[in-house]
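Undergrad: Chain by chain, the residues run as shown.
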Amino acid sequence: MGLKLNFNLDPRTKIIILVLISFMVFNEVPLYISGILVLVPFICLFFSNRIKLALSYILIYIFAKYIQIYLLPTATGIIAIFLIMFSYTATRMLPILMMGYYTIQTTKVSEFIASMEKSNIPKEITIPLSVIFRYIPSVYEEIKSITDAMKMRGFGLNAKSLKNPLKLIEFYMIPILVNAIKTADELSAASLTRGLSNPISRTHFVEVKLNKIDYVLLVISFMGLGIYAYYFLGGVLFA
Amino acid sequence: MSEMINVKDLITVGIFAVILTVLIFLFGMLGYIPILMIGLPIIAALIAGIPYMLFLTRVDKFGMVTLLGLILGIVMFLSGHTWIPIVVYTICGLIADIVLKMGNYTSIKNSIVSYGFFSLGVFGNMLPFYILRDYFVESIRASMGTDYVNVILPFLTNEMLIVLIIVTFIVGLIGAYIGKIVLKKHFKKAGIA
Amino acid sequence: MLKIEDISFSYDNNETNYNLADINQNIKEGEVILLCGESGCGKTTLTRIINGLIPNFFNGTKQGNVYLKDNLINEIPIYEISKYVGSVFQNPKTQFFNVDTTGEIVFGCENLAMDVDEIKSRLDHVVKDFKIQPLLDKNIFKLSGGEKQKIACASVSAVFPDLFVLDEPSSNLDAQSSWDLEDIIKNWKQSGKTVIIAEHKLFFLNNVVDRVLFLENGRITEKWSIDEFKSINHRDYGLRQINLENLYVNHDGYYSNNQDLMELRNFNFKYGKKQVLDIDGVKIPKNEIIAIIGKNGAGKSTFANCLCGLKRSCKGEIIWGDVHLKRKDLLKKTYMVMQDVNHQLFTESVLDEVLLSMGEENISRAEEILTNLNLIHLKEAHPMALSGGEKQRVAIASAIASGKEILIFDEPTSGLDLKNMMKVSENLIYLQKLGITSFIITHDFELIMDVCSHVLHMEDGKIIDNYKINEDKLKNFFLKN
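Protein chains in written order, with the working numbering: chain Z, 1 to 239; chain S, 1 to 193; chain H, 1 to 481.
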């Protein structure tokens, strides 16, 4: 691809950027102000070989902006409401959602935990979070498998069974919860035999450190937020 | 019964956080259909009562429910819901924990009430949308005229938010009650809870 | 090395109902000990006593002491024990804490706060020992069962414990991976480690175990050297065969006389661009018990899913007499008994489970089915409260109730002892008599020899062999070459 750049951000960088982009949701600003923050998730996605997604993201964003600026003033009726909802949700939430997606997709659990523990986050938080990363794929598999089991018995997501949604929820919930309890027990037992309850703080094999690329992105993001804040505060001050 | 939260408790919190997350995301997706967005906390509160009540069978010390809230908030944060959920979920979890503590972690009544509070955490996901709301209204007014806004505005006001919170709380109580029934019907019988 | 002194244990604090009683054993350094016996005999409980899960995790009443190198295990916390005892468990889904392989291998070392250089050298060491270089930095949950168990072994190995405790490690493994596990245990033995292994499947342990302890109702009732053990009749003790050479085909020939065939056409399936299933024009006898064999990753599960009509993009059809069964028909005609049977039990009682499958509820018919499957005494019980074998029978009952004609079993005997395996055989024969065709995806050579009449051998998504049961061909596949 010619893009074999070693684009691997430190998890801490990703989290800081997520926090920064979060501020965007609070205010509506022109594109030249929010542009940098909008571009950060694009950069992350693009250079981590998610080029298609990066491009679709930016296209949807521009499309939403376009609607907001050119179509909304002339639209009427129910279409207008729909366009408003879509364009405002997309322009404000999409960058954050994309950054969140990028963070979750590209962070190895061991890296994430290592960086959290390096920042002295207690294990009361790191252990449940590790479990989450590890268990989500299993739950996804289970949902698929239960759906298959239902199909084979002639009920599933069809009109017949949707008449009784509570039953459907029960059917999904019971097996998943039974396995959840089982997993909690077995995983706890296995982890204990691996020394997880050791009170001495763990060491980390994975090296996490802030590289040049982290600093570059952090500087960009803070600049973006700076412009944003300046505009916002300026607006308040001079309005 | 030890007072310290141990590894098993932490893993249990993690596992149940996954189940609640999946539920919230599943119904959150429905939430992207604009009108259903308002219904999201209500549906979530109703359904998540079952896993919550099962979770409580594993809770016997202060902090686990608060922690569950905090962890859910962090997950929401990481998945792009801004950092607001961290604050909201943790506070709701803490209140729920206090209610449970007052019932010594055995009272059924307190369990149900605690879920009423816990279920309000979902508003952490909603708040960013509520902040967005002002812009919806402005734009709608610009394009549809004031009359139309006056018709739909009642559904989007702060008063409405409060009503929604109260409704969610009540639905939460019902959800917890259903959870209690399911617990008895399935998990007690299956020898799990 | 390990001294077990007067150990008794009861999970439910019941002094009259011990799960383990009067266990006394001295285990020497470098020994490999096999614990065997029927399900519920106490062998898993004994492993828990040794690795410290009792009393650190499981509560109950315990008497007696365990000494590891003259240190009393009861009195040290479990993270201390983990320096000396490494544990491998049965279920690959629940024994990993990490998502990536490398992280999992070093996890124990990190918990024990070793410094990074030390961890690095240990990682290199186990990677070389287990030849797992290609598995590093992968997602554990995308690995095959055998690869997962290798990672589990490597992970406990990295801590350099003196003693390894394995609780049914081969339950989910194919033949080849079981032999790989033998190599791992041999490797440990050669470096002077002690190994205690609780297992039902015994064949891969033939050349590595030194002593065998047989448990019954929580007591050690027999002790054998490996040579004595080889000469006993395993079936007398309810044990699986240790030497697969001794197994022979139990049912030489087809069950049904009418020699009807069905034909599979155009069973293709792709994951992305990768063709994982490619089956066309294969003729298989109807109303037989058909084993589907092949290595992990040969496409057996995909095949099963397509056969059940669960894969939308698979256009395969079965020519069944005069009719062509397309995907939607297959969904109606077939049923899969899943490996995790929990996923297919939905209701609050066994009877409801069967009624749910009927178009029109018919209680007397349901009860008849339950009686035939020996489940009638459990009709009010919650399906989730049953044992693995019973759950399987409930799933079978619901399949019969909905009038299915083809049943597919995904690893129905993984982790089952001889007695329960025989029950599975009985069920299969009962289904055959009802006119049902059963497909069984299995790594269990003993089950195939006991009950199957036809074999489909898969490799790389294709059926490379399709034959009436044949001892030589099967042995060629299952035995270590």
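Honestly, the hints are just simulated from the structure, not real lab data.
Any given hint might turn out to be false.
[To be verified] Here are the simulated DSBU-like cross-link-like pairs (lysine-lysine), alpha carbons at most 30 Å apart as the crow flies:
{"id": "1", "chain 1": "Z", "residue 1": "K151", "chain 2": "H", "residue 2": "K142"}
{"id": "2", "chain 1": "H", "residue 1": "K142", "chain 2": "Z", "residue 2": "K182"}
{"id": "3", "chain 1": "H", "residue 1": "K120", "chain 2": "H", "residue 2": "K142"}
{"id": "4", "chain 1": "H", "residue 1": "K93", "chain 2": "S", "residue 2": "K184"}
{"id": "5", "chain 1": "S", "residue 1": "K185", "chain 2": "S", "residue 2": "K61"}
Quick caveat, the model's predicted, so the values are computed rather than measured.
Undergrad: If a hint holds in the structure, say so; if it does not, say that too.
TA: Taking the hints in turn, this is what the structure says about them:
This hinted pair checks out: K151/Z and K142/H have alpha carbons roughly 25 Å apart, not beyond 30 Å. A distance of roughly 21 Å separates the Cα atoms of K142/H and K182/Z; the hinted pair therefore holds under the 30 Å criterion. A C-alpha spacing of about 24 Å is found between K120/H and K142/H, which places the hinted pair at or below 30 Å, so the restraint holds. Under the criterion of a C-alpha separation no larger than 30 Å, the hint pairing K93/H with K184/S is consistent with the structure, at around 28 Å.
Of the pairs offered as hints, the one joining K185/S and K61/S holds, with about 26 Å between alpha carbons and a cut-off of 30 Å not exceeded.
Consistency with the previously given hints is maintained throughout, with no hint failing.
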